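Student: This is what each chain is made of:
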Amino acid sequence: MQVTLGKAGEALVISILEPRLDAAVAITFKDIVRDLTATEGSPVILDLSKVEFLDSSGLGAIVAVMKMLGPERPLEVAALTQGVRKLFRLTRMDTVFKIHDRAPVAEDIKAAE
Amino acid sequence: MTQATGPMDSLQMQCDGELREIRSTVRTVETHLSALGLARDVIDDLNLALTEAMTNIARHGYLSKGGEISLSIRVEGDYLKCQLEDHGVAFNPDALGRSSPDPAELREGGYGWYIIRKLSENLCYARENGRNQLSFWLPTTRHSDL
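Just so you know, the sequences run in chain order F and W. Okay, so the first sequence: first residue is 34 according to this note's numbering, each after it adds one. Okay, so the second sequence: first residue is 2 according to this note's numbering, each after it adds one.
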């Protein structure tokens, strides 16, 4: 799974460069994000602009990351594509996550794979 | 993964109940239906419903050890009629996914059946000759109203 890590002001921005965030990659996703969030920055913003498909396992992994980060370090999501937005709406997770219309312009820290 | 040839408006496939293979099977279905000119949001719905149903079979039916899943999809009237068959553990979807999980509980799973029900109509399940048969219809005329 390819991701890039950036900083936008105080926020840590993780861009997921994967067209499908599903059951096949959910565990990898959790592991990568856990490692990347060792870098300081709050809130953590997940840039999902490249994710065309999210299933309930992918969503569960995003929820798991939110819980892992804890209340002091909010997880927010940005740039949801049409199908991804629909799943957030269907499961009412749009009431739980702060959703940014666009990904913030971030200064790259590093790319990870 | 194998794909049978047939008329354009129907598709039969077999695949192993394994997550990566489910992924490529759903991709093939997507390509086939795009070629038929179905709307993007209808294909997105099918993609999601199939992925959820097949992931359930792989995890709970075959206990993540793999096993054959047969898939049949046909376009009929205003519906995509989908049928999935497997020889995994029997299940009963009747009681599953009837209500929306409370988002405030921050559950990491348990959304699959709710999603399938929300997207589909005529969800039916039967167990025959040691096989699970699951079918559902997805409307092809609905626009993104959810």
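Do not take every clue at face value.
List time: in silico DSSO-like cross-link candidates among lysine-lysine, alpha-carbon distance up to 30 Å [stated by the list, open to error]: (1) Lys63/F x Lys66/W; (2) Lys119/W x Lys63/F; (3) Lys131/F x Lys40/F; (4) Lys83/F x Lys119/W; (5) Lys40/F x Lys83/F; (6) Lys100/F x Lys40/F; (7) Lys131/F x Lys119/W; (8) Lys100/F x Lys83/F; (9) Lys82/W x Lys100/F; (10) Lys82/W x Lys119/W; (11) Lys63/F x Lys40/F.
Just so you know, the hints here were simulated from the structure itself, not pulled from any lab data. No experiment lies behind these values; they were computed from the predicted model shown.
Student: Compare the distance between the alpha carbons of Lys100/F and Lys40/F with 30 Å, and conclude whether the hinted pair is satisfied.
Tutor: Between Lys100/F and Lys40/F the Cα gap is close to 21 Å, so the pair holds against 30 Å.
Student: Are Lys63/F and Lys66/W close enough, with their CA atoms no more than 30 Å apart?
Tutor: holds, 22 Å
Student: Given the hinted pair Lys100/F and Lys83/F, is their alpha-carbon gap at most 30 Å?
Tutor: holds, 23 Å
Student: For the pair supplied as a hint, Lys82/W and Lys119/W, is the alpha-carbon distance within the 30 Å limit?
Tutor: holds, 15 Å
Student: Taking only the CA atoms, is the gap from Lys63/F to Lys40/F under or equal to 30 Å?
Tutor: holds, 20 Å
Student: Tell me if the straight-line CA distance from Lys119/W to Lys63/F falls inside 30 Å.
Tutor: holds, 27 Å
Student: Against the 30 Å threshold, does the CA-CA distance of Lys131/F and Lys40/F hold or violate the hint?
Tutor: Satisfied, since the Cα-Cα distance of roughly 18 Å is no more than 30 Å.
Student: Take the C-alpha atoms of Lys40/F and Lys83/F, compute the straight-line distance between them, and say whether it is at most 30 Å.
Tutor: Distance of about 18 Å is within 30 Å: holds.
Student: Is Lys131/F within 30 Å of Lys119/W, Cα to Cα?
Tutor: With Cα atoms ~24 Å apart, Lys131/F and Lys119/W stay inside 30 Å; holds.
Student: Keeping to a limit of 30 Å between CA atoms, is the pair of Lys83/F and Lys119/W held or broken?
Tutor: holds, 25 Å
Student: Next pair to validate is Lys82/W with Lys100/F; report whether the Cα-Cα distance is within 30 Å.
Tutor: violated, 38 Å
When the structure is compared with the earlier hints, a violation turns up for hint 9 alone.
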